[in-house]
Amino acid sequence: MTERVARTVGLPEGLHARSSAPRGSYDGSFFLRRTLAVAAAALAVAALGVLSGVYVGFDFVQAILDVPGGFVWMATQFVPSASSLQKLDAILPALGSTVLASVASSCTAAALAYVCAVLGSRTVGVGGPFPQFVRGIASLFRNIPVVAWAFILLFSFKQSEFTGFFALFLTSFGYLTRCFLESVDEMSAGPVEALRACGASYGQIVAQAVVPMSITSVVSWVLYMIETNIRDATLVGILTGTGIGFVFDVYYKSFRYDVAGLVLLCIILVVIVCELVSNFVRRRIL
Amino acid sequence: MTDGPKVELVGPAEACSSVAGGPRGVRTSRSGRIKVHVASRSNVSLYAVLGAFALVTVFALATMDYGKVPFPEAMAAATGDFVTMMTQPGLGGHFTLPDVVEGLLVSLALALLTTFIGAVIAFVLGLVAASNLSNRAASNAIKVLMSVARAVPTILWVLVFSVAIGLGPEAAVTGLLFHSVAYLVKAYSESFEEVDPGVIEALRASGASWWQVVFQGVVPEKVNEMLSWTFIRFEINFVNAVAVGAVAGAGGIGYQLFLAGSFYYNIHEVGLIVYLCLAVAVVLEVVATKLRKRYIVQR
Chain U
22 MTERVARTVG
32 LPEGLHARSS
42 APRGSYDGSF
52 FLRRTLAVAA
62 AALAVAALGV
72 LSGVYVGFDF
82 VQAILDVPGG
92 FVWMATQFVP
102 SASSLQKLDA
112 ILPALGSTVL
122 ASVASSCTAA
132 ALAYVCAVLG
142 SRTVGVGGPF
152 PQFVRGIASL
162 FRNIPVVAWA
172 FILLFSFKQS
182 EFTGFFALFL
192 TSFGYLTRCF
202 LESVDEMSAG
212 PVEALRACGA
222 SYGQIVAQAV
232 VPMSITSVVS
242 WVLYMIETNI
252 RDATLVGILT
262 GTGIGFVFDV
272 YYKSFRYDVA
282 GLVLLCIILV
292 VIVCELVSNF
302 VRRRIL
Chain D
71 MTDGPKVELV
81 GPAEACSSVA
91 GGPRGVRTSR
101 SGRIKVHVAS
111 RSNVSLYAVL
121 GAFALVTVFA
131 LATMDYGKVP
141 FPEAMAAATG
151 DFVTMMTQPG
161 LGGHFTLPDV
171 VEGLLVSLAL
181 ALLTTFIGAV
191 IAFVLGLVAA
201 SNLSNRAASN
211 AIKVLMSVAR
221 AVPTILWVLV
231 FSVAIGLGPE
241 AAVTGLLFHS
251 VAYLVKAYSE
261 SFEEVDPGVI
271 EALRASGASW
281 WQVVFQGVVP
291 EKVNEMLSWT
301 FIRFEINFVN
311 AVAVGAVAGA
321 GGIGYQLFLA
331 GSFYYNIHEV
341 GLIVYLCLAV
351 AVVLEVVATK
361 LRKRYIVQR
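Chains as they are written, first to last, in the numbering used here: chain U, 22 to 307; chain D, 71 to 369.
Keep in mind the hints are simulated off the structure, nothing from the lab.
Please note that a few of the clues may not be correct.
Taking beta-carbon pairs under 8 angstroms as the criterion, some of the chain U residues facing chain D (in silico) [what the hints assert, rightly or not]:
no., residue
1, L57
2, V59
3, A61
4, G74
5, F79
6, V82
7, L121
8, F176
9, S177
10, V271
11, Y273
Interface residues of chain U toward chain D, partial, derived using beta-carbon atoms under 10 angstroms [said to hold, decoys possible]:
no., residue
12, S104
13, F183
14, S222
15, I288
Note that this is a predicted model, so its numbers are computed, not measured.
We put the CB at the ideal spot given by N, CA and C, even for glycine.
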């Protein structure tokens, strides 16, 4: 507990230890030193920020001046016009297929990731080199840029809905495996131990203890992944030429900003509805 | 996150409490067998959600357009490309190693700049959005605004701003900022709301101004948690900076990855760039996980 207090104060450990004041007496420079430490940290981060700004040639003043103009431009150009409403016939099916692909990729990735997470868990896994192996695979799939996945898949699978689905599947798999590993490892060990003591087989332990204890957090993660995938589907769609991202890209690159604005509005609506639904579901299942 | 044990408890606890169910307070079925699983409301909802997931997935997979390429051949080709990419990374004459490293540094700098500016903006907005430091109306207004900003994919913000204010680092950073700010405001305001109300009340009672409450009561208690969240966002921003560079031409290693993949079709160069991104991402991930374990997940 004392260690935690020392840390909360935001002081480097050395400074704290060197304090000459005996226990219980008033240390007048305490607040001054604390303020200085926080200020020094803030200054160091600010210096790094300025350094990287100079490195990429970021003009801070220009950016501040440009942003309101950008918003005005957006508000005038991206307003859906009456003629753009006719394009809804093309937009809505693409939106539907994107949502379906996002849900399907999250769920299939979750199923596979859950199997990997249980087998690779440190507490209820099969042991041996498996935990390291699963963690390595998860990290690899999660950290390869989605851009690279899109190219590899586009070379072989060409332009089809499946390509977009598969790219989302691969990144979701890496991310979900990592999350599930944490959920399974954080589970309390009591029920597993009790079942083991009763002579339950590995399958029984998984079915009666591991799955019931982790299923709510798994569903919660899948809901989060669906939301993330709907947003990421736009990027993947632009790269692989599928779904709503492709529709946006086509209108955006042909300067039909009113239609692009309509697509944007549809995406915002779907993401917000998805967030509301998943919040509702989370409240019901917990 | 670990709400698992609750579900496990619901069954037996309810079974024991409903004494009216049968002899000795145990729920039995008509044939006299003891009911092990009790259909509580949350369990029924859980099964309904799982069923809905399964149905939608099956429907989506059944109606999906699989293209004209036979699946096994395409899969074999993709696996072959993947193996080539991961086992034979190298330069193909389009870039030199210094070019690629410079691209990596540009992506890192864009991510750092976005995180820094985003953290400053998010700190102020987070204070206003925290319900214990601000009034209800302002807090709700900021929260709604942030959820709208979060609903637009990052890449669309960047595309829109690269037309509105012209290509360059300004457009990339501005576009990346929206999500950073929205994410950090949520993280900061939630951690501010966890501050012990007694601390704030004590400061207010001794006549501290609002800024004094913030800088003497709230910030010292939450500074480590804020820094951890900021670093986690930095990790996400790096991934986003790579993706944005590829699609919006905002520069950095993402743009080189896009050129190597879409224009030169050089799988070896893609492999080299992927390895560089992977190295940075893994380092950031390890640090972020450590920070999260140490300062955020303490329960």
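(request) Hints the structure violates: just list their numbers, smallest first. (result) Of the numbered hints given earlier, those the structure breaks are 1, 3, 6, 10, 12 and 14, listed in rising order.
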